[in-house]
Amino acid sequence: MYVAVKGGEQAIENAHRMLAEARRGDPGVPEVTVAQIEEQLSLAVDRVMTEGSIYDRSLAALAIKQARGDLVEAIFLLRAFRATLPRLGVSRPIDTGLMAVCRRISATFKDLPGGQVLGPTFDYTHRLLDFALDESAGLDPAPVADSDLEPMPPVVDLLDREGLIEPEIPDDDNRRVGDLTREPVMFPADRDVRLQNLARGDEGFLLALGYSTQRGYGRNHPFAAEIRMGEVTVEIEPAELGFAITVAQITVTECQMVNQFRGSTTSPPQFTRGYGLAFGGSERKAMAMALVDRALRARDLGEEPTAPAQDEEFVLSHADNVEASGFVGHLKLPHYVDFQSELVLVRSLREGAIE
Amino acid sequence: MTGYNFAYLDEHTKRMIRRSVLEAVAIPGYQVPFGSREMPLPYGWGTGGIQVTASVIGPDDVLKVIDQGADDTANAVSIRRFFVRTTGVRTTTRTDEATLIQTRHRIPETPLRADQILVLQVPIPEPLRWLEPRETETRVMHALEDYGVMHVRLYEDIARHGKVATAYDYPVIVNDRYLMRPSPIPKFDNPKLDRNPALLLFGAASEKRIYAVPPWTKVRSLDFEDHPFTIERWTERCASCGSGDSFLDEVIVDDKGGRLFVCSDTDYCSRRRTR
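In the order they appear, the protein sequences are chains A and B.
The letter at position 261 of the first sequence is residue 293 when you use our numbering, and the numbering goes up by one with no holes.
The letter at position 69 of the second sequence is residue 281 when you use our numbering, and the numbering goes up by one with no holes.
FYI, nobody ran anything at the bench for these hints, they're computed from the structure.
Predicted model only: the values in this text are computed from it and were never measured.
Treat the hints with care, since some could be wrong.
[Unchecked claim] Covered, in the sense of this in silico footprint (three residues per stretch, anywhere, with C-beta under 8 Å from a C-beta of chain B), are these stretches of chain A: (1) 321 to 330; (2) 371 to 377.
[What the hints assert, rightly or not] Pairs of lysine to aspartate or glutamate residues, derived as EDC-like cross-links and limited to a Cα-Cα distance of at most 20 Å, are as follows: (3) A:Lys97 - A:Asp58; (4) B:Lys226 - A:Glu215; (5) B:Lys375 - A:Asp370; (6) A:Lys364 - B:Asp284; (7) A:Lys97 - A:Glu70; (8) A:Lys364 - B:Asp273.
Quick reminder that beta carbons are idealized off the backbone N, C-alpha and C, glycines included.
Here chain B stands alone, though its shape is the one from the complex:
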C-alpha cells in the first residue's frame, strides 16, 4: 500500500511495541503499559492484536487470522485483508502452516509448535477489573500478589451454584506469580495455555497493555482442591466432522428447538473431513 510503511506502523512505533513485548516475555503474565496507537480499525475490534502482529511480522511470515475459531468470519477477513494490503505476506487457513496466528476468543485445536507465535486480541486485560474498577488499586494488588478477592469470588460462586460460574475469560495464574486474564477464550481453551511450546502474546489497544505467556510457561486455572477446574463437555458430536473432543458451536436450524453442533475451529473441522 503506497504511502504507508510495511505493516502500517512506522519502525519507531514497532520498536517501542517490541520493547514492550520483550518486557512482557521477561515477566510472564505482567501487563506492560505501551503507547498504543490509533489504528485505522476501531478499538475493540482487534487493534491491540493488530499492533502486536504488525510489530513482529516479517516478509517471510505466513499469517493466519481467526475470529471465534473461524477463518471466514467477517472481522477475521477484514484483519487478514489489512495485513495483506500492508505487508503482502502469504496467508493461510491451516494452523500447521502458519508462523503467526492472530486470534480472537479461541486457541486453535491443532497443537501449536515452538516456531509459532499466537497473538490474542484482548478487550479488558485486567483480571481484577470487575472486582476493583480502579487501575491505581489493581496495580498495587498485583504488586503485592494480593489475589484473595478473586478466590473469594470463585468461592461465592461455589457456595451459591455449586460450581464456578465463569465460562470464558477464566482467570489463571502465570508462572506461579501473576493473575492473568486469558482474553475471552472459553475455559475449554485454558489447558492449552499451560506449557504451550508457542509464544503467546496478548494485546489490548484501548487499555494500552501488552502481556505474554512465553513458551513452556506454567499456567494454572484458579480452582480449589475439592472443586478442581473443569472444561466444557458436550454430549453431541460435530455434525460436520464427527469430532467429540473439540469446542462446538451451537447452530439453530429451525424455530422448533432443532439445533446441531459444529466445530468452532473451521480449519480443524475441514481437515478432519478431508482426511
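Next comes chain A alone, as it looks inside the complex:
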C-alpha cells in the first residue's frame, strides 16, 4: 500500500543544515570574512548592490557570503531585505558632472577638457592567468598624479552647446518620480520607470540585448561619448528644512551613449542619447543599459520598433533576474495535479485518435 510521503518539515530542516555545511566548505580552510568579500570581490559587491537596488557594501558582501557566491541569489537576499525598509524620502538628482572622477574615457574625442583617465580598468590587461596571485603577493602601489584632476564637463554637454544632440530637459522638480517597487509597471512606461527597471535588470540579459542591437536587431549606431566612474554626493532636501543636506557619498559608473539619428520631418538630423547608470564599477552593465535605453526610445523618436531590444513590454517584463529565476525555478515545485490532468487528457485524445 502506498503511503503518502511525510516528513517534509524534517527534510527541509536537514537540507538547510547541509546547505550551511556546503557554504562553509572544508573547515580546514580559513573562513572568508564579509570584510574580505567587500574589499577583494568588490565588483561582485557592486553588481549585487546595483541589481539588488540598495547601496550598502557590507550588506551586499554578507549576501554574497550567505549565497555561496551565487550573485543572483545574493541579489534576491538584498531585494527581500530592501522591501522591508521604510521609504523616508527622495534624493535630489545626483550631479555626475561634479563627480570625484576615478575613471573617465570618451570614445568620441581624442582629447577633451579634463582629459582621458583610465583608472582601475581590466581594459588593456592581457588576460593571462596570473599564477603569482595564488600566493599572497606584495603590492606595487600605483603612482599618484602630482596635481588634482582638471574639471571634466560631461561630453554630451559639449555637443549640446552646439545643438548637435537632442536636448535633455530635466523633469519638473514637482513631478513625482516613478518607483516600480511601489507601483506596478504599466505600459507604455515612462522613461524614469524604464531606466529604473534597466538599472535593476540582469546584467547578462541587458548585455545580450545591447549586443543584439549592435548586430542589427534594432541597430542605432552607438558611440560611447563618455564613461565615467567615481564618487558623487547624494543629497536630500527635507521639506521642513528647505535646503539640501548630504546623506551619502556613493560610487557610480555612468555611460552616455550618443547615437545617430537622421532626423524627421519636424526635427533636423541630430544625435540622440542612451543612458546607463550603475552602482560601483559596473561598467559593462552601464554600457549595456545605455544601449537598451536608446533602443527602447524607438517609439518616442518615431522609429518603427522591429527588434526585441526595442520592445518595451518584452524587455521590461523579462529584465529582472529575481522574478525570472523565481519563475524558472518554480518548475521544481510539484505539478502532480496539472500533470495528472494532462495525462488524463492525452490518454483520452489518443483513444479518440486511435478509434
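Since chain A is already given, all that's left is putting chain B on it; use the hints.
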C-alpha cells in the same frame, strides 16, 4: 519573529493590498494591478498568495496551506512555517477547521463555508496571454469584452481533437463579464468555483495582479452547446480511502507499468479513512 511586523508586511503595504482586494471583490474576475513587494520567498513559489494571505490574516485565524491538495508537500510546509514564524497563528490540516486556506493548484474536496477565505497562488493571471502576449492589447480586449479569440481556440481544439484540449487553468467567465484564469487548478475543480460560499482571492506576485471571485458569484467554464464542459473521470478508485469522486494522483509503483491512484487532497483522504 523579531524585527518584522505581524505577517511580515508592514501595515501600509497590507492596507494597499487590502484596497486592491476590495477593488477585486467589487469587480469579480477583473485583474487589479497592485504594488507587489519582494518577499523572502522566490517569485513563482506562491508569493502572490502569500502577500494576499499576509494582508488578510489576523491573530485569531486558523491557517491551512496546501500544494497539489496536500498539506505535507515541501512548499506547503515552507509557506506554513513562514506564517507560523511571522504570525504565530494556529494552523491545521483540516479544511473544515481553517478560516483561511492558501492553496496551489487545487480547491479542497470538502465544501467551503461562507466564513472561509481561499487564497489561490497564481503564476500567470492573464487568460488571454498565450493568445496575445502584450498587456497593452489584452487590457483593451478585457475592456471591450472581446473574448472571441478564446472561443476560436477552443473551437480549433474541437475541430482537431474532437474535444477541448485544456486540462488545467481552464478559462472561465466570472459574473457573466470577465474572462478569468482560475490558476492552474485541474478543470475538475472548476465547478467548485461556481457560486462558492467562500471568498476566493487570487494573487500573482511577479505579474502584480490580484483578482477575486466573491461568495456566491456565478462562474461558468467556457464551452459550446454541442460540446458541454466536462471534468476528468477515473475508472479507478483511491487506493487509500476508496473514494470514487475525488481528484486522483497517479503513483508509479514499479518499472513494469504498475500504478495506483490516491486522492490528491490528503485531508479529505485521511478523514475518509478514519471515519
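Structure-based check of all given hints:
| no. | hint | verdict |
| --- | --- | --- |
| 1 | 321 to 330 | violated (count 0) |
| 2 | 371 to 377 | holds (count 6) |
| 3 | A:Lys97 - A:Asp58 | holds, 15 Å |
| 4 | B:Lys226 - A:Glu215 | holds, 14 Å |
| 5 | B:Lys375 - A:Asp370 | holds, 18 Å |
| 6 | A:Lys364 - B:Asp284 | holds, 16 Å |
| 7 | A:Lys97 - A:Glu70 | holds, 10 Å |
| 8 | A:Lys364 - B:Asp273 | violated, 30 Å |
The structure shown violates the earlier hints numbered 1, 8.
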